[in-house]
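Trainee: So the chains spell out like this:
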Amino acid sequence: MEYAYNVGTMAEVLGTFEQAVLLEVLRLRDEAYGRAILKAVQERLERELAAGAIHATLERLESKGLLSSRLGPGTDIRAGRARRFYRVQPAGIRALNYARRTFNNIWRGVKWPVTALESL
Amino acid sequence: MKTPHSDARPPRSAEAILRVLLKPHDRETVSGDLLEEYRDAIVPARGRAADLWYIRQVAWYLFRASWVWGTVMGSALVIRYLLDTLVPPADYTTRATVLTWTLLGVCALAGFVTAWRTRSMRAGVLASTTAATIAGIVSIVGTAMMLAVWHDASTLEEWRRSGGLDEAFIDVPLKLIALGIAMGIPGAALGKGVRTRVTLSG
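First to last, the protein sequences are chains A and B.
My numbering puts the first residue of the first sequence at 1, with every later residue one more than the last.
My numbering puts the first residue of the second sequence at 1, with every later residue one more than the last.
Chain A with its partners taken away, still in its complex shape (with noise of 0.2 angstroms):
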């Protein structure tokens, strides 16, 4: 259990849109604010998403210690609106590796895609 973020609560495994939003923080990097997130997770996910239910996600995961933040400046087109930068902590990558390693343990000897009995 070394990647646990969480261990004896009932959320020990990241869910696929909670991973979802932890690794688009990832691959933007220094631009990880919220609606770049928004738009990369709806991309990667192929679906029109609230972008209330990402704001939630990455409040949820910061108070989780799993992400931290940063305020940056706003632009114009936000009416200067200040900008909330997220960046993914040390418990955010133990808990991503913990998820893939656990989804890698379920699938393991499972054809795909699956069809019946006999991808197993």
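Hints were generated in silico from the structure; no laboratory data involved.
All C-beta atoms in this analysis are idealised placements derived from N, C-alpha and C, irrespective of residue type, glycine included.
Capping the alpha-carbon separation at 30 angstroms, the derived lysine-lysine pairs in BS3-like fashion look like this:
1) Lys-39/A - Lys-23/B
2) Lys-64/A - Lys-23/B
3) Lys-39/A - Lys-64/A
With the C-beta cut set under 8 angstroms, the calculated list includes, among others, these residues of chain B facing chain A:
4) Asp-26
5) Glu-28
6) Thr-29
7) Val-30
8) Ser-31
9) Gly-32
10) Leu-34
11) Leu-35
12) Glu-36
13) Glu-37
14) Asp-40
15) Gln-57
16) Tyr-61
17) Arg-64
Put chain B on the given structure of chain A with help from the hints.
Mentor: Chain B alone, transformed into the frame defined by chain A:
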């Protein structure tokens, strides 16, 4: 960089509701993200329908702040109707009293918690009123489902004795909205007041 849509403005009322519902920590950044997406991507792609997109985004925040409270109140109403239908008492006073105090308490709590979180009294009243509206909808749907299952003459007579269908479909939902406003105000005032006091003393 200026774009042709840099000055497009989302509906003022929706933007005001959004800013009220956000925590002070997020007020600038989240409303800025939405404004940037609206101007940079949604208006160029959808034109006038962009306002609908913006309203949907704000509705998501409003629903998030109130759905739990609304579901609790709506469920309490449906449970009461269910009990009255299946286990009719000789006197409805006790059940009515328990239900009334539950609804009053939940409305006040919705106002308190939301005002505490956002430090805005208006957000507390808004969440309480929306929760009461959701409860009204849950109550109407629940009642309709119950009637679809139990609609024999004796059950309908029990319904008539306990207040009638008008009460379930019209009176209660309308009174709930009034209750949401009436109890949301003191709840929100208390939530904001306690939060301010805690912040100042901390």
